[in-house]
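A.B. asks: Letter by letter, the chains look like this.
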Amino acid sequence: MTAGSKIIPVMTIVALIVAIWYACVVWMNAPFEYDQAERAKTEPPAFSELVSRTMAQERPVLPAPHQVFQEIYKTTVLKKITSKRSLVYHSWITLSATLLGFLIGAALGIALAVGIVHNLAMDKSVMPWVITSQTIPILAIAPMIIVVLNAVGISGLLPKALISTYLSFFPVVVGMVKGLRSPDRAQLDLMHTYSASKSQTFWKLRWPSSMPYLFTSLKIAVAISLVGAIVGEMPTGAVAGLGARLLAGSYYGQTIQIWSALFMAAALAAILVMIVGLAHSHVLRRMGEKPQGAVT
Amino acid sequence: MADTVVSAQDLSLTFETNDGPVHALSQVNLDVHQGDFVSFIGPSGCGKTTFLRVIADLEKPTGGSISVNGMSPEQARQARAYGYVFQAASLLPWRTIEKNIAVPLEIMGYDRADQQERISRVLELVDLTSFEKKYPWQLSGGMQQRASIARALAFDADLLLMDEPFGALDEIVRDHLNEQLLKLWDTTNKTICFVTHSIPEAVYLSTKIVVMSPRPGRVTDVIDSTLPRERPLDIRETPEFLAIAARVRDGLRAGHSYEE
Chain A
3 MTAGSKIIPV MTIVALIVAI WYACVVWMNA PFEYDQAERA KTEPPAFSEL
53 VSRTMAQERP VLPAPHQVFQ EIYKTTVLKK ITSKRSLVYH SWITLSATLL
103 GFLIGAALGI ALAVGIVHNL AMDKSVMPWV ITSQTIPILA IAPMIIVVLN
153 AVGISGLLPK ALISTYLSFF PVVVGMVKGL RSPDRAQLDL MHTYSASKSQ
203 TFWKLRWPSS MPYLFTSLKI AVAISLVGAI VGEMPTGAVA GLGARLLAGS
253 YYGQTIQIWS ALFMAAALAA ILVMIVGLAH SHVLRRMGEK PQGAVT
Chain B
28 MADTVVSAQD LSLTFETNDG PVHALSQVNL DVHQGDFVSF IGPSGCGKTT
78 FLRVIADLEK PTGGSISVNG MSPEQARQAR AYGYVFQAAS LLPWRTIEKN
128 IAVPLEIMGY DRADQQERIS RVLELVDLTS FEKKYPWQLS GGMQQRASIA
178 RALAFDADLL LMDEPFGALD EIVRDHLNEQ LLKLWDTTNK TICFVTHSIP
228 EAVYLSTKIV VMSPRPGRVT DVIDSTLPRE RPLDIRETPE FLAIAARVRD
278 GLRAGHSYEE
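The listed protein sequences correspond, in order, to chains A and B.
With this note's numbering applied, the first sequence covers 3 to 298.
With this note's numbering applied, the second sequence covers 28 to 287.
If you are wondering where the hints come from, they were derived from the structure by calculation, not from laboratory data.
Mixed in with the good hints there might be a few duds.
Unchecked claim - 25 angstroms max Cα-Cα, derived DSS-like pairs, lysine-lysine:
hint	chain 1	residue 1	chain 2	residue 2
1	A	200	B	126
2	B	87	B	126
3	A	200	A	180
4	A	126	A	200
5	A	292	B	160
6	A	292	A	8
7	A	292	A	180
8	A	180	A	126
9	B	235	A	200
10	A	221	A	292
11	A	86	A	76
12	B	126	B	161
13	B	161	A	292
14	B	235	A	292
15	A	8	A	180
What the hints assert, rightly or not - Partial chain B-side listing against chain A, Cβ under 10 angstroms, derived:
hint	residue
16	36
17	107
18	109
19	114
20	122
As the list claims (entries may be wrong) - Derived DEER-like restraints, expressed as beta-carbon distance ranges:
hint	chain 1	residue 1	chain 2	residue 2	range
21	A	186	B	206	23 to 31 angstroms
22	B	87	A	201	45 to 53 angstroms
23	A	151	B	183	57 to 65 angstroms
24	B	242	A	293	44 to 52 angstroms
25	A	131	B	101	33 to 41 angstroms
26	A	281	B	43	20 to 28 angstroms
27	B	183	A	293	47 to 55 angstroms
28	A	293	B	43	42 to 50 angstroms
29	A	145	B	89	53 to 61 angstroms
Cβ coordinates follow ideal geometry from the N, Cα and C atoms, glycine included.
Generate coordinates for the entire structure from the input sequences, incorporating the hints supplied.
C.D. replies: Structure below.
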């Protein structure tokens with residue numbers, strides 16, 4: 003399917019979602035308007051009046067899409083990016099922790115996978131712990147990481163990044179163990195007949211074989227890195243970052259602020275995953291991948 | 028004998044499985060001489076592939092002895108005494124044909140110029156000269172298999188071990204590759220051990236045919252071919268060829284290879 007033929011179905015779905023959203027805005031925000039009218043001892047507003055009022059509340063239960071996008075516009079384009087009210091500033095705080103955590107997580111994941119594939123003791127002992135680590139809710143462990151690291155004098159970017167690492171190394175370990183083991187029997191036998199060393203087998207066979215697995219894992223890892231960074235911002239007292247915006251928004255009932263931070267986080271995640279996707283296809287092309295639909 | 032390349036005495040290999048021991052090879056005695064083209068033929072489970080893998084040090088025998096170039100299989104492997112061709116071409120999909128042939132050369136530490144010279148020489152041997160920059164997926168199955176043969180020839184091993192290399196190819200391609208392989212064997216003067224399921228292929232190619240039978244895997248007959256070295260494809264209709272084929276079939280029947 004070409005990009006052009008996708009536009010109509012995609013736009014149809016978007017239009018549908020927006021329509022449902024607006025309907026929900028009226029439905030969910032209307033009780034407040036009725037309540038106001040009752041307190042002011044006036045007649046409840048007529049329907050058309052009601053609709054326009056539900057979409058212009060200051061603290062709506064559910065903000066309308068245009069309110070959210072106005073807020074995003076106001077806090078990105080109209081604010082200097084150094085301002086504490088700029089969403090770009092907060093996004094960058096979160097993004098820097100995300101990227102640092104993602105890099106450490108990817109490196110750690112690859113290193114563990116290499117160990118697991120090459121060392122029988124690690125194969126038997128490490129994987130259960132890796133899986134156990136992911137059964138602990140991140141919300142429970144995040145404050146402890148922050149507090150413990152703070153006690154030993156580490157604060158700022160690194161503790162948040164380590165929470166991202168905690169989440170993102172996992173898919174990389176699992177994917178890379180599978181990827182490094184993906185060469186078939188005959189290919190490994192062939193290396194054996196050449197009397198290849200372990201490192202020669204690794205660099206010439208295992209590592210290139212694992213590339214599709216690596217990038218699939220990295221896509222998941224970068225998305226949950228962002229989740230980790232946002233979670234990591236919550237117990238730090240909501241100083242800065244998208245997590246802080248979410249938390250502050252919920253303290254003060256600023257639903258529009260919450261939603262705009264949410265949209266920003268979603269856009270950020272989409273861009274990050276897209277960048278990894280582009281890197282993936284670039285690497286595969288460099289590796290002489292058979293183009294889609296090619297006939298030999 | 029001085030020119031013995033592979034020598035097996037009372038060679039046995041038993042795999043321990045959950046269903047009890049499997050006797051893959053039992054009391055195999057065989058000598059392969061320099062310049063021989065030896066085919067191993069027999070039904071599945073007769074140990075022909077296992078025997079090849081023992082020569083290649085991919086399996087360890089559990090009894091008897093075997094020497095390759097007068098050494099143990101492990102020493103022979105470390106001395107890079109043989110090239111191995113599998114049923115699947117097993118080319119690395121991310122490397123071009125010339126880069127695939129370079130894999131063993133890189134591992135064995137040949138310098139760049141030497142690699143390049145060897146690559147073009149073996150590509151010419153298998154008739155793939157203008158395909159060196161192509162990726163494996165751009166080649167047909169037969170061409171891929173020729174590339175994998177070129178890869179096994181690129182370093183100076185005198186012994187070529189081939190495990191059903193043409194088993195997955197259609198008969199027309201197979202005929203063509205058999206002819207090419209004979210020519211290649213003639214010009215390079217290598218010793219070839221060749222595993223096959225096909226009686227005509229075994230008779231057409233070999234100077235010596237080893238007939239094997241399953242349960243336990245053993246040698247039932249060793250036939251020295253009387254066919255001349257020069258073999259056009261239509262030699263397969265001569266009475267001499269048919270007589271050898273009949274003897275192979277008898278050997279298989281004697282080993283109960285045709286029974287279920």
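A.B. asks: Hint check: residue 200(A) vs residue 180(A), CA-CA at most 25 angstroms. Holds or violated?
C.D. replies: holds, 17 angstroms
A.B. asks: Any CB of chain A closer than 10 angstroms to the CB of residue 36(B)?
C.D. replies: violated, 23 angstroms
A.B. asks: Take a quick look at whether residue 180(A) and residue 126(A) sit within 25 angstroms of each other, Cα to Cα.
C.D. replies: Given pair residue 180(A), residue 126(A) holds - Cα atoms ~15 angstroms apart, limit 25 angstroms.
A.B. asks: A closest beta-carbon separation below 10 angstroms is what the hint needs, so does residue 109(B) meet it against chain A?
C.D. replies: Holds. Min distance 7 angstroms.
A.B. asks: Does residue 292(A) sit within 25 angstroms of residue 235(B), going by the straight-line distance between their CA atoms?
C.D. replies: Outside the cut-off at roughly 42 angstroms; violated.
A.B. asks: Measuring from beta carbon to beta carbon, are residue 183(B) and residue 293(A) in 47 to 55 angstroms?
C.D. replies: violated, 38 angstroms
A.B. asks: Kindly confirm whether 45 to 53 angstroms is satisfied by the beta carbon distance between residue 87(B) and residue 201(A).
C.D. replies: Given range 45 to 53 angstroms: violated, Cβ gap about 24 angstroms.
A.B. asks: Measure nothing beyond the straight line between the CA atoms of residue 86(A) and residue 76(A); if it is 25 angstroms or shorter, mark the hint as holding.
C.D. replies: holds, 13 angstroms
A.B. asks: Is it true that residue 242(B) and residue 293(A) lie within 44 to 52 angstroms of each other by Cβ?
C.D. replies: holds, 48 angstroms
A.B. asks: If I claimed the Cβ atoms of residue 131(A) and residue 101(B) lie 33 to 41 angstroms apart, would that claim hold in this structure?
C.D. replies: About 37 angstroms separates the Cβ atoms of residue 131(A) and residue 101(B), which means 33 to 41 angstroms holds.
A.B. asks: With the threshold set at 25 angstroms, check whether the alpha-carbon distance from residue 126(B) to residue 161(B) stays at or below it.
C.D. replies: Given pair residue 126(B), residue 161(B) holds - Cα atoms ~10 angstroms apart, limit 25 angstroms.
A.B. asks: Straight-line Cα separation of residue 126(A) and residue 200(A) no greater than 25 angstroms?
C.D. replies: Holds, because 20 angstroms separates the two Cα atoms, which is no more than 25 angstroms.
Hint violations for this structure: numbers 2, 9, 14, 15, 16, 22, 26 and 27, all remaining hints satisfied.
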